[in-house]
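Enquirer: Those protein sequence lines, which keep their order, are chains A and B.
Last residue of the first sequence: number 262 in the numbering used here, and the count goes up by one each step with no gaps.
Last residue of the second sequence: number 1262 in the numbering used here, and the count goes up by one each step with no gaps.
Derived by calculation from the structure, the hints in this document are not laboratory data.
Predicted, not measured: the structure shown is a model, and the values here were computed from it.
Keep in mind that a hint or two might mislead.
Here are the in silico distance ranges between beta carbons for each label pair [stated by the list, open to error]: (1) B:Phe1136 with A:Ile197: 18 to 24 angstroms; (2) B:Lys1199 with A:Leu250: 31 to 37 angstroms; (3) A:Arg262 with B:Ala1086: 18 to 24 angstroms.
Chain B regions said to be covered by chain A (calculated; three or more residues, Cβ under 8 angstroms) [stated by the list, open to error]: (4) 1067 to 1081; (5) 1095 to 1103; (6) 1142 to 1156; (7) 1212 to 1218.
Which residues of chain A face chain B? A few of them, derived with a C-beta cut under 8 angstroms, are [unchecked claim]: (8) Trp176; (9) Arg177; (10) Glu217.
Cβ coordinates follow ideal geometry from the N, Cα and C atoms, glycine included.
Protein chains: 2
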Amino acid sequence: MTEPSRDQSAPLDTRARLRIFGVRGLPEIEPGADLAGLILAAGGEHGFQDGDVLVVAQKAVSKAEGRLVDLRTIEPSPFAHTIAEAHQRDPRHIEVILGESRRIVRMDRGVLICETRHGFICANAGVDLSNVPGDFNACLLPIDPDASAAGLRRALQEQAGASVAVIISDTFGRPWREGVVNVAIGVSGLEPLETYIGKLDPYGYELHTTVIAPADELASATELVMGKLCQVPAAIVRGFAYQPAAGSALALVRAPGMDLFR
Amino acid sequence: MTEPSRDQSAPLDTRARLRIFGVRGLPEIEPGADLAGLILAAGGEHGFQDGDVLVVAQKAVSKAEGRLVDLRTIEPSPFAHTIAEAHQRDPRHIEVILGESRRIVRMDRGVLICETRHGFICANAGVDLSNVPGDFNACLLPIDPDASAAGLRRALQEQAGASVAVIISDTFGRPWREGVVNVAIGVSGLEPLETYIGKLDPYGYELHTTVIAPADELASATELVMGKLCQVPAAIVRGFAYQPAAGSALALVRAPGMDLFR
């Protein structure tokens, strides 16, 4: 079972107030870019403090890591052609999606819900055509988003001397509910889950099932200042009390045997 | 199609900074309590400003509305007994859950995923035994959470002269991901969805599918200061730019015909 990630002994004051700053003014992110350096340069007015949580949109990370594919170089398989025809999609886009998937969860009405190589379940295996430079470019998820987060965390420590946690976020749809929300696909520096199992409520009732996902809630909170047109690809959360830990977004992936909706 | 809820013409500054205050020091909420008055009294130091979003935990609302059931008064049906035996549950709790449900979505490993009378899909139809006074009390969702939100919004306008939006939140699990997150089950004063469909990204690519659910993200953001032990049942979000609108959390419920996971 995951250990609590928030410092339960912290006075209530430290939890009851949160500030979220968007990091504005980042330039177009080129493959190979020093993303931590660019964020530090752009986020200057707020700087970083120990204990901050930096949330970075997946697309900025993927661009810096060169996870772009020119669709004109893609030779779709017969299966990709079949799917594309059935769902009025670009067969080259489908081919890239299949290459990023280890399982198709649902395929209906033009929507492909895929399990990515990491284990995340999302539309199109996270392969996106929007907010990408060039007419034919598709953007893939980072190969290892936890490693991306850890790299940013290390770089911020080295370049700014600040001990922060880092979350890589992406917008995912949900069954049963309209609209996408930002969730964590990479985590470094905090536990993404916090358990209340075994804790007593104020009436003495022992909680049996409550595990919260603060990493996803932190990602969602920052979407409110990011927007989807990529003006603000990073944000800083200040005032969230947590105990530093290695962390991994894979803790957010429900094991197949425990999942009622595969 | 839902209209954008954020003011797209607002200068970026107003979106790029958010503050979240927990409303602490609320007393035990009794049936019939003036919840708006209690929140105003407790949230005094921050007050309310026009444009704030108040998020209130469902349990506080349900208590004020008297949505508590003494399980000792419940006579379980034969079906409730059968389910309870198969899943090692209290048959009276099961009976109350069934009474709040219009459909069972999944029933496995002691977990009941139900569609509530409102259309929300969540564990136990939202019927909870934790954070409730008395040994035998179960807490139900509000009968009409949108109306609960609208009532609080009106009361805050009358008692404090502030035009705020109100969200009633509850923690819901998600398929495929571990941990629950706070989502909106009642909304008044803003559109819960924001569409980017038809908008152009900075590269001129037209977005075809992106609809965000800021009401859920606002609910998630405030969970970070609320905690699950009910110390902080309400929080104020300041700095989120939105266009006032009637709003309804039912816009967040995906129509059955559009849902791939029913």
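Enquirer: Next step is simple, just say for each hint if it's right about the structure.
Expert: Hint check results:
1. For B:Phe1136 and A:Ile197, the hinted distance range of 18 to 24 angstroms is satisfied, since their beta carbons lie about 22 angstroms from each other.
2. The hinted range of 31 to 37 angstroms is satisfied by B:Lys1199 and A:Leu250, whose Cβ atoms lie roughly 33 angstroms apart.
3. Here the CB-CB span from A:Arg262 to B:Ala1086 is close to 22 angstroms, well matched to the stated 18 to 24 angstroms.
4. Counting residues of the region 1067 to 1081 of chain B whose CB lies closer than 8 angstroms to any CB of chain A gives 0, which falls below the minimum of 3, so the coverage claim is violated.
5. Counting residues of the region 1095 to 1103 of chain B whose C-beta lies closer than 8 angstroms to any C-beta of chain A gives 0; at least three are required, and the coverage claim is violated.
6. Using a Cβ-Cβ cut-off of 8 angstroms, 0 residues of the region 1142 to 1156 of chain B lie near chain A, which falls short of the minimum of three, so the contact claim is violated.
7. With a cut-off of 8 angstroms between beta carbons, the region 1212 to 1218 of chain B has 6 residues touching chain A; three or more are needed, and the interface restraint holds.
8. Because the beta carbon of A:Trp176 sits about 4 angstroms from the nearest beta carbon in chain B, less than 8 angstroms, this interface hint is met.
9. For A:Arg177, the interface hint holds, since its Cβ comes within 8 angstroms of a Cβ in chain B; the closest pair sits about 5 angstroms apart.
10. Restraint check, A:Glu217 versus chain B: the minimum CB separation of about 4 angstroms is within 8 angstroms; hint holds.
Hint compliance for this structure: hints 4, 5 and 6 are broken, all remaining hints hold.
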